[in-house]
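Keeping the supplied structure of chain A fixed, place chains G and W upon it in accordance with the hints.
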Amino acid sequence: MSSWLDYTINGLILGNVYALVAVGLALIFGVSRLINFAQGSIYLVGAYIGWVAVVQLRTPLFVTIVVVALVSALVGLIIERFGLRPLQNSVRIAPLLATIGISFVLDQIVMLTFSPNPRALPSQLPDIRFQIGTGTIGPLDILIACIGITTALLLFVFLRYSKLGWAVRATAQDRDAAMQMGVDVNRVNQTVFGIAAALGGLSGMLVGMYYNQIDTAMSLHATLKGVVAEVVGGAGNVPGAVAGSLLLGLVESYGVAIFGTSYRNMFAFILLILVLVFRPNGLFASAKQAPPEPLTGTFIAPSRPVHIPRWALGIAFVAFALLPLLPVSNYVLQTLINAWIFAMLALSLTLVAGTIGQVSLGHAALLAIGAYTSALLSLDFSVPVSMSIVCGGFMSAALGTLLISPSFRLRGHYVSIATLAIGEIISLVILNWETVTRGPIGVSGIPPLSLFGYELVSTASIYWFSFAVMVVLALLQMRLLGSHIGRSFRAIRDDDVAARAYGLSLNRYKALAFIFGGFAAGVSGGIAAHLYSYINHETFNTQQSILALTIVILGGLGNVAGAIVGSVALVGLPEIFRIAAEYRILIYGIVLLLLVRFRPQGLLGTI
Amino acid sequence: MRNISRRSLVKGSLAAVVTGAAMSRTALAQSSDPITLGVSGPLTGPNAQYGAQWKQGFDLALDEIHAAGGINGRKLVYVFEDSQSDPRQSVAIAQKFVSDSKIVMELGDFSSTASMAASPIYQRGGLVQFGFTNSHPDFTKGGDFMWSTSVSQADEQPLLARYAVTHLGLKKLAILHLNTDWGRTSRDHFANAAKEYGAEVVISEGYIADERDFRSTLVRARDANPDGLILISYYSDGALIARQARQAGLKQTICAASSVYSPKFLELGGDAVEDIHLGTRYFPEDPRPEVQKFVSGFKAKYNGQEPDAFNVYAYDAMNVAAAVVRIGGTDRRAIRDAFPKIKDVPTVIFGPATFDVASRRVKGAMNAELVIRKGQFTLWDGKQKS
Amino acid sequence: MAEQGNTSLLSLRGLTRRFGGLTAVDGIDLDLAKGDLVSIIGPNGAGKTTLFNLVTGLDRPDAGEVRLDGQAFTGYSPEKMAANGIARTFQLGRVFGNLSVMENVLIGAHTRLRAVKPATPLIGPLLELGLALWRPASVTAEEEQLREEVKGILARFGERLLPRIDQPAYSLSYANRRRVEIARALALKPRLLLLDEPTAGMNPTETTEMQGLVAELKAEGMTILLIEHKLDMVMRLSDRVIVMDEGKKIAEGAGEEVRNDAKVIEAYLGHGLSQSAADAQETAA
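For the protein sequence lines, the chains are A, G and W, in the order given. Each residue of the first sequence is one higher than the one before, starting from 1 at the first, in my numbering. Each residue of the second sequence is one higher than the one before, starting from 608 at the first, in my numbering. Each residue of the third sequence is one higher than the one before, starting from 994 at the first, in my numbering.
None of these hints come from the bench; they were simulated from the model. Check before you lean on any hint, since a few could be wrong.
[Claimed, not checked] EDC-like cross-link-like pairs, simulated, lysine to aspartate or glutamate; straight-line CA separation at most 20 angstroms:
(1) W:Lys1073 / A:Asp496
(2) G:Lys981 / A:Asp496
(3) W:Lys1073 / W:Asp1052
Computed from a prediction, not measured in an experiment: that's the story for all the values here.
The shape of chain A in the complex, shown without the other chains (with noise of 0.2 angstroms):
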């Protein structure tokens, strides 16, 4: 069937779009090992640099590619020098966050200047079309795939027989052995990071251009987009990374052509979860390595956690106790309710990546399957809403679990993705399984909180019952943390390899994290369900998990007290200063930031 070709040739195209961000991608993680979040708000960055200098100063095309190349140039530069330079030695998981603060301190700059509507962004090209097919290219679809490929073969044949070539894939290699071989570690990495944000800008231009369309939400979709072909390909590798595009672009086209629109992403995402598992290296990548020398030095900074005195846990327990009983508006106990809520998260992502060191990005999914599990009980089923919520957090605990099991297999910034795509999956599961979930239109009419038959109505009970529910996970959290299982946690989180050597089991363990915070999540989930009355599958998103990860960041990775105190800062703090409310998330990525860089253990210190 000719339908087949129009597939095929849409495959390509798209991927010819993908390839032009993946690239970029490939060559920062071929330098830094750093997969670079914010790649796509480079993108951003371009696409809007191009739209100032087409649309306001009417420059010629080539012209206004140069100016795009060479304005995200500096901005790649500049996040290399001032955002990632100072975290050379840090620790592992101190770049991978700071790529985060600076994606949203970029993208809200942007939001900030430009305003978030969708704006247009002519071509400046011929409109002439080409019959393929059906269908037609435009001279805009050569453009992309010329550079595209252009740049990948001048860039192979700059890391393969250039001087600065070899010092940047030496580097890759080994960047102490590099350094005492006189490479200039430094000049390498800008060098890397100038050429992959040219690309990186170029390419959101292009892809303005193309679509005619630019705005603000094009960062996170580029650099999911991105990362996934950048894996697929095999990271790190620039031809591979190409492949991995078009494989990308090819297995969205077939997905759709044979399951439909709605399931398009779930294709992309899926994909990059079976190349993680089975070949993690990526589908293109170059003849079996040898293992690397397993690296000691820990993934989390050592630190010595705050001690705070048992008094003083007991005093602010009861002054949260108490604090209903006292002249206080439903407003700063709707404010502490959510606090509560947000920090049974919280616990749940401190246990998960701060105890046991598994960085997961997709954390909203186990709240989404706690609520839905707990809505439908309590809907369908009559179950009593305490009942349900209790369910909801089994359900979170051993679907989730099974879910993100896959990812034990994987190690630094790979868990992160891997999560972060079955975050993604799970979410677009609850959009399209419409006769258990409801799809699209939501579950509402959700019964409200209830105990033992009386229902939860006046806001100073919901905020004890949400209370009460956190002080009591918050407790057993600190049990598990004293026990052989805590202290089994944090030795695979320290060094996994020593940690086999003295029979730790990581899937056992790793199973026991997920299980337990799937748990406080589940819970979290449900109860957040019964006070919102109606959810649907955007409830529960991708930036919720960012934010819980901030959240668990800011309190200091693992700690229990931490992971209160940031949800009540992380929560309240906006509410006080509700007048900012426009540069909040801005606001978020510079906290993150400077965590990242003058104190990554967090407030409290990292357990």
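Then chains G and W, alone, in the frame of chain A:
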């Protein structure tokens, strides 16, 4: 090393509490004090553009209300809290408004997710939650404090179906819709109505909001052999689909829901949107005085900018709110009770608007059948192509 | 006293590991009887650590077999090897940085936990979770007992580790961290102890102390496989010495025999390093 203890947190929150209490200590209703509405909506985040459009609509309506003497001599003002259309924040804002006795009514939120999450608080707190762009059919079921001027899709989509099937003569329809609660409800109502008018829905594809590439979706649609393409989209995704459809060589007639109605649709779609048909609730050339007043006022206030759907909804909502406050005064219960009492408030969308007490909505939205010719929205002249 | 005869505790036959074109370990045969201390020496890159990785399960051999007490253990996971009494230390020292000294050593005893880690299949992990949270008397007693044992092990190191028992390992000196590693290995109550360059980076005093400790362990009957560069120490401690070069075993025998073996000298000199000469100077100092 800093020693952040729980104590300093408690101190901090007590301070916030005292401030909050001071702020909500009621300014006793003096007759020259402004009447305050609370608005919960997105000022930042992915839906920020709509919040900005709301403000434009509100401000225009308020200018006119004040020029005509305000509410019995008092000014009407609004406090806009940024919810980012996020249920967590809309819930906190709800509590804030409920606790602030100056606020007599709430408008918003943008999405159903954010609105409905906050409904229990408004209902329990006895503050009217007046939705005007959240279109979930269950919104008003949250309680008797939930009122809405959102055009119900049950009213709107059959009008589009009639346009597409009866007037344009399309018999085999391919529907592309946003996979949100709004998109899905709309699609269901459209499909049912289309079938009743005698057409067949040959394929229906739902896509998520940040989708950019529709080519393969369009191939699928094309392979179902439709004679018409129905877009249940917002203007940005609608423009993308239109462009890619034409680039893919699809020549079918395209008919779109009123949500694409915006000058942005023309800007983003370029030549591809030529000859696209759409049903809207209002049209600038509509001679009705409400419409003309709105359009000329909008252009005058905003430097010749053309208004779009969200500007209109907000404008109408503010006018309805003013009418309610005129009857209900500043007591929250009285305001709730005033909703069924208002009669024939002049609005752009509905013409004279009256609430149906049972559903707490307004029925009978206006309808204009438009088509895009030469890059402009024009009333449909009955011909298929220009 | 070392046992005679064929009852080897550890037995390797034809153990091989290749990485792409490079053969890191090439057909190694080895027999280690109970109570023996055998040292493996050789120039850098000879494959010694890789051999350790193969024996402890951290890496899988491409060919050959590993036997413990006659039973096949080839290619088993490190967890399983640990559960069967194999403990090892690492070439660059791998302690758990954020864990205290006590906690580090307690991890060593992990495979010996019984009360809190029932071996029930399937629901075992859940039982473990439940017991850890509930903490019945048997669990608390086990933990207490282990803690006492750890203090006993740490006492071996005099005043070096006991006063720092609750400090995080990252705050210790390098030498202390290596001691913690050994303590951790001892907590496993191993029947076979593999030490990978335990004195690397230590000064002469520290080296002598470590040497004394290893001698003590041997005297107590521990079976030890030792990788070392400091030939003096090797000579004093070993029952037998094996020399590896480029993955192969090039010599095996008593210390003095091996030291004067021409092939061995050439292997060291030929690689541009005269490790033995350097060490001789060091111990003479």
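Going down the list of hints, with the structure as the test:
no.	hint	verdict
1	W:Lys1073 / A:Asp496	holds (15 angstroms)
2	G:Lys981 / A:Asp496	violated (67 angstroms)
3	W:Lys1073 / W:Asp1052	holds (13 angstroms)
In terms of the numbered hints stated before, the structure departs from hint 2 and from no other.
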